[in-house]
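S.K.: The residues making up each chain are set out below.
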Amino acid sequence: MAQTPDLSRKKDFRYTMKQIRNNWSAYAFLLPFAICFVLFILSPVLISIYFSFTYFNILQPAQFVGFQNYINLFLNDDIFLTAIKNTLIIAIICGPLGYLMCFFFAWMINELKPWLRAIMVVVFYAPSLSGAAYTIFTIIFAGDSYGWLNANLMNLGLLDSPIQWLTDTKYMLTVVIIVQLWMSLGAGFLSFVAGFQVLDKSHYEAGYIDGIHNRWQELWFITLPGMRPQLMFGAVMTITSTFSVGDITVQLCGNPSTDYAAHTILNHLSDYGTVRFDMGYACGIATVLFLSMFLLNELIQRILSKVGR
Amino acid sequence: MAAKSGTKRTARVGLRATHSLGGDVMNVLVLLLVGFIMVIPLVYVVCNAFKPLDEIYKYPPDIIVRNPTTGNFKDLVVLLSDSWVPFSRYLFNTIFITVAGIAGQLVFASMAAYVLEKRVFPGRDGFFKLVRTTLLFTTAVTQIPTFIIMTKLGWVDTYWAIIIPAWGGSMGVYLMKQFMSSIPDSLLEAAKIDGSSEMRTFWTIVMPNVKPAWLTLIIFQIQALWTATGGVYIFSEQKKTLSYAMSQVMLGGISRAGAGAAVTLVMLVVPIGVFILSQSQILQTMASSGMKD
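So the protein lines, in turn, are chains F and U. Here the numbering used here = 1-based position in the first sequence + 202. Here the numbering used here = 1-based position in the second sequence + 3.
Check the hints yourself; a few may be wrong.
[Said to hold, decoys possible] Here's a subset of chain U near chain F, in silico, CB distances under 7 Å, partners left out:
{"hint": "1", "residue": "VAL48"}
{"hint": "2", "residue": "ALA115"}
{"hint": "3", "residue": "PRO125"}
{"hint": "4", "residue": "LEU138"}
{"hint": "5", "residue": "TRP170"}
{"hint": "6", "residue": "ILE275"}
{"hint": "7", "residue": "ILE279"}
[To be verified] Sample of chain F residues with no beta-carbon within 12 Å of chain U, all distances over it, derived:
{"hint": "8", "residue": "ARG211"}
{"hint": "9", "residue": "GLN265"}
{"hint": "10", "residue": "VAL267"}
{"hint": "11", "residue": "PHE269"}
{"hint": "12", "residue": "ILE273"}
{"hint": "13", "residue": "LEU277"}
{"hint": "14", "residue": "ASP280"}
{"hint": "15", "residue": "THR284"}
{"hint": "16", "residue": "ILE291"}
{"hint": "17", "residue": "ILE294"}
{"hint": "18", "residue": "PRO298"}
{"hint": "19", "residue": "THR369"}
{"hint": "20", "residue": "THR376"}
{"hint": "21", "residue": "PRO458"}
{"hint": "22", "residue": "ASP461"}
[Stated by the list, open to error] Quick look at which bits of chain U chain F covers, simulated, 3 or more residues with Cβ under 8 Å:
{"hint": "23", "stretch": "38-47"}
{"hint": "24", "stretch": "61-74"}
{"hint": "25", "stretch": "129-135"}
{"hint": "26", "stretch": "148-162"}
No wet-lab data here; the hints were simulated from the structure. Where a beta carbon is used, it is the ideal one built from N, C-alpha and C, also for glycine.
Chain F extracted, bound-state conformation (with noise of 0.2 Å):
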């Protein structure tokens, strides 16, 4: 009994190999990319891993320090309870609500005819794609009177004073989230476009015959579970962008923003790599980010794999 499982393992073993040998071909066709994906992407995650456990400033070699760093940043660290705050806080607002109207829009927008359609999208995805445009933003929320937004609040006589937008620890953030809600029509956004376009049509004549009779039914039972492909991959980039929102900030607030009011787990993580070196204590923050964003992004899968079943 006992050598039956270790011999068909054997067995397992060698059609395993023997499958590895007739396929060179296709091992062949993936090690470019493999070779570029393991290298950058991938073992940097593991690599945070590894260092988040010594104390490592490029220059010497790594010194094993065990949890210190871990220690140190949840227990010692106020700036970084502070940068785990104000992410979480973005993350809580402009991932649903980014990830709503990435839906809503692409749904409103599937209704219009195909030269105004085309229009939209355009208008719509535009400012994701256009990178630093943001900036304009430190324009219309600038400090001083001439910053657009204070100058048309004084102007209509809502305003005395001009309002410190920017710098301002009871604004900040709330300006970071309207760029950020500004910026999240992104990849998920043209995902839902294009899924709404291929949804099989053929299932919306049924529903019509079961005596589907206005769009909300027609949303509720037949477009979200033909679209769940597209939602699961919206969700992941909906989890991409907010958790990495860092350059907003920076360039909006400044590095570091005032009282660190505005302040990101990701510019937490660069202001050690980047400015301090201090490596070990950077990458355990890395790795914080990675293992909230990998968890954050199983349970919600795991939820949207249940709609409409």
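Following the hints, put chain U in place on chain F, whose structure we already have.
M.R.: Just chain U now, kept in the frame of chain F:
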């Protein structure tokens, strides 16, 4: 042809059944309103680039330009030709990084996607799952550990530090693989029976069939590379990018505000232009972007 117009007609009957006219009008109104809000900041960017300095610092500020001028672009050229590293060098660096990054990714990602979608071999599913998971991690998030790898490889302060990671990007392979599922297997088998080698099949049958996906990969790479600043990886001035030069111009304060506005427009025009020209192909690719479990 007859069948096609038939389904179209029934679809329209269906739309009439579920879409009230009032709803349609509301739909268009809401989209126009939100679209207007979305586009204002970009209109502001475009107008600022053509504003004379006194209009940029007018009180109260206006979004729309009154007396458009190309003075800002002339200033920009003068300013950058005076700089120690000529403007053309920054431009060359950015174009080189973007083109090399795109070319490498197109070929590598297509080759990998082809075998991941059309061949069965040990390790395939596990590898693809890894690729799918790493869609989460952008280069911004991985920059510090990547920097450690670059120092070990001695690639810091070379173009490769930006180009090669782009070749390994998971988004390209992911989208390409999903799109390749639309290529019928019979087509590939027919080629195989005709004695075509794997390489030949790939270049003569697969690649021409995935042209819409090329454009999609290109637009995503342009987004990442055209605006790449070089960040922590590059410190020699001659190797820095247009995006870096732009941020330097914008730091110049009031006297350079015009040139700063002009350079922002230059950075904006390329990705949006490419997207407008290739929108229908990109949407065709994104239709297959969904995650099948």
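S.K.: Take the hints in turn and mark each one as holding or not.
M.R.: Structure-based check of all given hints:
no.	hint	in the structure
1	VAL48	holds (5 Å)
2	ALA115	holds (4 Å)
3	PRO125	holds (5 Å)
4	LEU138	holds (5 Å)
5	TRP170	holds (4 Å)
6	ILE275	holds (6 Å)
7	ILE279	holds (6 Å)
8	ARG211	holds (15 Å)
9	GLN265	holds (15 Å)
10	VAL267	holds (16 Å)
11	PHE269	holds (19 Å)
12	ILE273	holds (20 Å)
13	LEU277	holds (22 Å)
14	ASP280	holds (21 Å)
15	THR284	holds (19 Å)
16	ILE291	holds (18 Å)
17	ILE294	holds (18 Å)
18	PRO298	holds (17 Å)
19	THR369	holds (17 Å)
20	THR376	holds (16 Å)
21	PRO458	holds (17 Å)
22	ASP461	holds (23 Å)
23	38-47	holds (count 6)
24	61-74	holds (count 4)
25	129-135	holds (count 3)
26	148-162	holds (count 6)
Against the hints set out earlier in the document, no violation occurs for any number.
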